[in-house]
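Trainee: One-letter residues, chain by chain:
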Amino acid sequence: MPDSPLVSAAAVAVIALAIAVVIAVGLKVLRSFRDLGTDAERATYKTLHAASRAGQHLRTGLNPAGAGKASRQLRGLLGCDGFAITDTTGVLAWDGAAEELRPVLMEVAAAVLAGGHTAVIPAGELRAPGGRSPAGSPGAGYAAVIAPIRVGSGVAGVVAAFAPEAGSGLVRATGEVADWVATQVELAELDASRTLLMEAEVRALRAQISPHFIYNSLNAIASFINTDPVRARELVVEFADFTRYSFRRHGDFTTLAEELRCIDRYLLLERARFGERVQVSLRIAPEVLSTVIPFLSLQPLVENAVRHGLEAKEGPGHISITANDSGAFAEVTIEDDGVGMDPEQLRSVLAGHSGGDHVGLHNVDARLRQVYGEDNGLVIETAPGEGTLITLRVPKSQPRHDA
Amino acid sequence: MNPVVGVAAFAAVTLATAVIGFYGLRISRTTGDFYVASRTVRPWWNASAIGGEYLSAASFLGVAGLILLSGTDALWYPVGYTAGYLMLLLFVAAPLRRSGAYTIPDFTEARLESRAVRRVTSLVVVMVGWLYIVPQLHGAALAIRITTGLPAWVGQVAVIAVVCVTVMAGGMRSITFVQAFQYWLKLTALAVPLLFLLLVLAGTGTPAVAEAPVNPTGLPPAGPYQNISLLVALLFGTLGLPHVLVRFYTNPDGQSARRTTLIVLGLLSVFYLFPTAYGLIGRVFAPGAAGAGQADALVLLLPGRMIGGLAGDLLSALVVAGAFAAFLSTTSGLVVSLAGVISQDILGGSVRGFRLAALFSAVVPLGIAATTDSTALAGSVGLVFAFTASTICPVLLLGIWWRGLTDAGAIAGMLTGALACGGSMLAGAVLGAAGTPSWLAQPAAWTVPAAFAVMVLVSRATRDRVPRSITRLMTRLHTPERPLVTER
Chain W
13 MPDSPLVSAA AVAVIALAIA VVIAVGLKVL RSFRDLGTDA ERATYKTLHA
63 ASRAGQHLRT GLNPAGAGKA SRQLRGLLGC DGFAITDTTG VLAWDGAAEE
113 LRPVLMEVAA AVLAGGHTAV IPAGELRAPG GRSPAGSPGA GYAAVIAPIR
163 VGSGVAGVVA AFAPEAGSGL VRATGEVADW VATQVELAEL DASRTLLMEA
213 EVRALRAQIS PHFIYNSLNA IASFINTDPV RARELVVEFA DFTRYSFRRH
263 GDFTTLAEEL RCIDRYLLLE RARFGERVQV SLRIAPEVLS TVIPFLSLQP
313 LVENAVRHGL EAKEGPGHIS ITANDSGAFA EVTIEDDGVG MDPEQLRSVL
363 AGHSGGDHVG LHNVDARLRQ VYGEDNGLVI ETAPGEGTLI TLRVPKSQPR
413 HDA
Chain B
34 MNPVVGVAAF AAVTLATAVI GFYGLRISRT TGDFYVASRT VRPWWNASAI
84 GGEYLSAASF LGVAGLILLS GTDALWYPVG YTAGYLMLLL FVAAPLRRSG
134 AYTIPDFTEA RLESRAVRRV TSLVVVMVGW LYIVPQLHGA ALAIRITTGL
184 PAWVGQVAVI AVVCVTVMAG GMRSITFVQA FQYWLKLTAL AVPLLFLLLV
234 LAGTGTPAVA EAPVNPTGLP PAGPYQNISL LVALLFGTLG LPHVLVRFYT
284 NPDGQSARRT TLIVLGLLSV FYLFPTAYGL IGRVFAPGAA GAGQADALVL
334 LLPGRMIGGL AGDLLSALVV AGAFAAFLST TSGLVVSLAG VISQDILGGS
384 VRGFRLAALF SAVVPLGIAA TTDSTALAGS VGLVFAFTAS TICPVLLLGI
434 WWRGLTDAGA IAGMLTGALA CGGSMLAGAV LGAAGTPSWL AQPAAWTVPA
484 AFAVMVLVSR ATRDRVPRSI TRLMTRLHTP ERPLVTER
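Protein chains in written order, with this note's numbering: chain W, 13 to 415; chain B, 34 to 521.
Please keep in mind that the hints were generated in silico from the structure rather than gathered at the bench. As the structure is a prediction and not an experimental result, all values here were calculated from the model. Note that CB positions come from ideal geometry on N, CA and C, so glycine has one too. The reader is advised that the hints may include incorrect statements.
Said to hold, decoys possible - Listed below are the simulated EDC-like cross-link pairs for lysine to aspartate or glutamate, each with C-alpha atoms no more than 20 Å apart in a straight line:
1) W:58 / W:188
2) W:81 / B:146
3) W:58 / W:93
4) W:81 / B:514
5) W:325 / W:343
6) W:325 / W:393
Said to hold, decoys possible - Derived CB-CB ranges, DEER-like:
7) W:36 / B:380: 13 to 23 Å
8) B:148 / W:215: 27 to 37 Å
9) W:259 / B:513: 22 to 32 Å
10) W:255 / B:49: 21 to 31 Å
11) B:77 / W:235: 40 to 50 Å
12) W:263 / B:41: 49 to 59 Å
13) W:206 / B:513: 48 to 58 Å
14) W:32 / B:437: 23 to 33 Å
15) B:41 / W:38: 50 to 60 Å
16) B:456 / W:38: 14 to 24 Å
17) B:299 / W:365: 57 to 67 Å
18) B:497 / W:191: 25 to 35 Å
19) B:148 / W:212: 49 to 59 Å
Modelling step: build the complete structure from the supplied sequences, incorporating the hints.
Mentor: Shown next, in the form of structure tokens:
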């Protein structure tokens with residue numbers, strides 16, 4: 013067993029892996045030592061590098077994790093012994109020396125937080141509790157520069173630099189660092205509001221069922237009330253189920269199975285109007301039924317197929333819906349053999365330039381791009397008189413989206 | 034054995050697989066059947082599919098071979114292979130399904146919010162997959178050599194070619210049905226010949242089992258350490274098998290994931306009765322098979338040897354068909370899930386990328402298999418389980434059940450496990466079967482705890498890296514989801 017081929021295979025694999033790692037590390041090291049430039053260039057590089065590293069950490073806003081990593085970089089930038097970042101209520105991160113001053117920092121920073129002006133505290137005035145004599149108490153040897161992080165009209169926190177002596181260079185630099193941190197925090201807020209905006213957009217785009225459809229369905233049902241009351245009743249129940257699904261309030265996502273059920277109700281109602289003119293065939297791989305998809309993302313496509321594929325044409329029309337397992341994606345296609353569309357017109361519809369009849373397509377496309385990225389919009393193949401084939405690809409793995 | 038038998042059996046299995054794969058869904062349904070179409074995969078189907086994918090060459094051929102060689106010690110293999118699903122049922126199945134993640138790298142990335150963890154996990158998953166495909170190909174080589182007399186590489190190339198063509202041509206569209214079919218085929222292929230064997234034996238008069246040669250090979254019996262280590266590997270290794278975990282995504286919710294696992298336990302328990310019976314019959318009636326270095330082929334040889342004639346040929350054909358079903362199903366399941374991981378992480382997830390990745394993930398193990406040779410299939414697969422148990426299993430278990438896991442901890446633990454277990458396998462290969470101490474031959478007993486320990490310690494040390502959304506994610510993993518309306 014131990015000398016089995018598998019083992020030699022593993023051996024080969026491990027050796028190959030080790031070689032690859034060594035080469036990768038070697039290349040990285042080589043690259044960083046190659047061509048270091050003049051002293052000034054190196055200093056500029058070091059400063060910018062530290063700033064950009066710290067910036068990455070601060071892009072999530074003022075929080076302990078990000079501030080902790082950023083303060084390491086920023087202390088190096090300032091060249092001071094200790095460095096701290098606080099928000100308005102407490103110390104977020106402390107790097108380097110003078111941490112014994114932590115309990116008193118917020119008291120000292122209160123004035124800066126309230127006034128918004130940099131404070132310079134000479135060595136000896138800052139004292140941590142617990143020392144016997146003023147000079148011997150812990151942290152007495154440090155001067156502090158405390159500069160406000162001004163975000164918008166208020167102060168979001170302070171940065172504090174600790175050094176044996178607070179020279180004017182350190183004071184100025186600390187002020188600059190505080191302003192720079194403020195910019196990063198503002199960027200983080202911008203990020204957050206962009207996310208909110210995106211969510212709001214998705215919510216606003218949340219497909220509305222078309223008023224045409226409601227009107228047409230009610231009319232079709234009305235025509236059955238006298239001739240076939242049983243069917244009329246069934247249709248009203250279907251209509252109620254359909255509206256309950258499409259007006260539901262919770263969640264922006266659903267499963268493919270639920271969406272298919274919604275399409276079934278929709279088609280039932282449409283068939284009340286069109287009779288046998290609407291023919292539908294399905295080929296659904298059961299593996300993808302539990303895939304999470306944006307709420308009401310297929311129904312508008314089927315409605316489009318009925319409306320623009322069949323309504324405008326004579327004789328029966330055929331719609332086929334398939335869902336396939338395609339690696340890490342689920343692939344859904346909706347095809348009709350109707351009148352098709354002019355690709356140029358379609359392009360302007362998808363770009364959102366002309367509203368009109370195809371607003372459902374634009375809506376679904378925009379939501380898919382919003383949620384899954386620019387590459388995962390609708391793929392539409394069509395030409396006048398040639399029918400339409402709409403393909404959508406949704407990643408199966410969506411841990412962040414609840415159906 | 035009649036060479037036509039092997040070829041015909043292989044062709045029949047391939048054809049059946051392809052037909053089900055391509056046409057399983059070709060029935061165009063009209064709207065009246067919408068509810069049928071939108072019915073999710075039932076736990077029974079899914080469990081059969083998992084069984085089909087899971088029962089590899091090691092189970093079909095290897096278990097009987099090992100029992101022939103080392104007697105009751107080898108019974109730990111079927112016990113471990115099955116009991117692993119108990120762990121899966123208790124600790125992983127439902128939370129993993131609720132996570133909404135499709136592959137293991139998806140899960141670790143979502144849980145730890147780190148691309149680096151994703152990359153390391155993908156790397157480990159691909160390695161596990163490749164190591165797991167290799168024994169399947171060795172099994173194919175053995176089966177072809179024994180049944181048709183053709184050179185061994187023909188079997189390997191044939192299996193890889195069939196898998197590549199079906200996967201790349203989209204033949205795995207109805208993969209659930211293909212795999213479910215394979216399970217029942219494998220079960221039938223072992224059960225029916227066994228029935229005939231028992232009838233024949235009952236007719237000829239049975240020698241007392243006690244008179245049978247106790248140890249036909251003279252291998253030393255395994256000590257308690259080996260057995261414990263093996264059980265650790267098999268119990269924990271099952272938790273991390275990429276092709277098995279992917280299948281749980283087909284369940285609509287956590288509850289049905291649990292039910293599926295329970296059924297799998299039953300299906301596997303029934304299945305393993307048969308290789309065990311073959312092994313025992315072989316030990317009593319055909320101990321000579323062990324000597325020729327063909328122990329793994331015992332299941333293939335037994336019907337022909339004990340029954341003979343046309344009936345023997347037909348039964349042999351059935352067994353060979355089952356064996357190829359085992360190679361094909363496990364290999365294609367692994368290739369599909371590896372291709373998913375590779376195409377997503379390297380090739381951007383396009384359809385073309387998936388096909389390329391499928392080719393890549395099938396050809397590499399072919400290269401490894403062609404240059405190596407197998408001695409014991411069940412043992413090789415057991416080592417893969419040890420590797421999985423030392424790498425993926427800790428991440429999954431701690432990720433699901435411990436809030437404190439961090440990305441740094443996960444990476445450190447996985448690397449520790451991979452290096453320790455991989456190093457042991459390497460050392461075992463260098464030292465050879467005789468010179469390897471048992472703690473290197475069966476490393477799981479210390480590598481699995483080591484990986485867990487490193488993961489926990491590094492996570493404690495990097496406490497500030499715990500993702501902020503942990504509470505939300507844990508809630509999602511462990512609370513029952515809204516009931517999914519699957520039927521009216």
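Trainee: What are the numbers of the hints that this structure violates, sorted from low to high?
Mentor: 4, 5, 10, 13, 19
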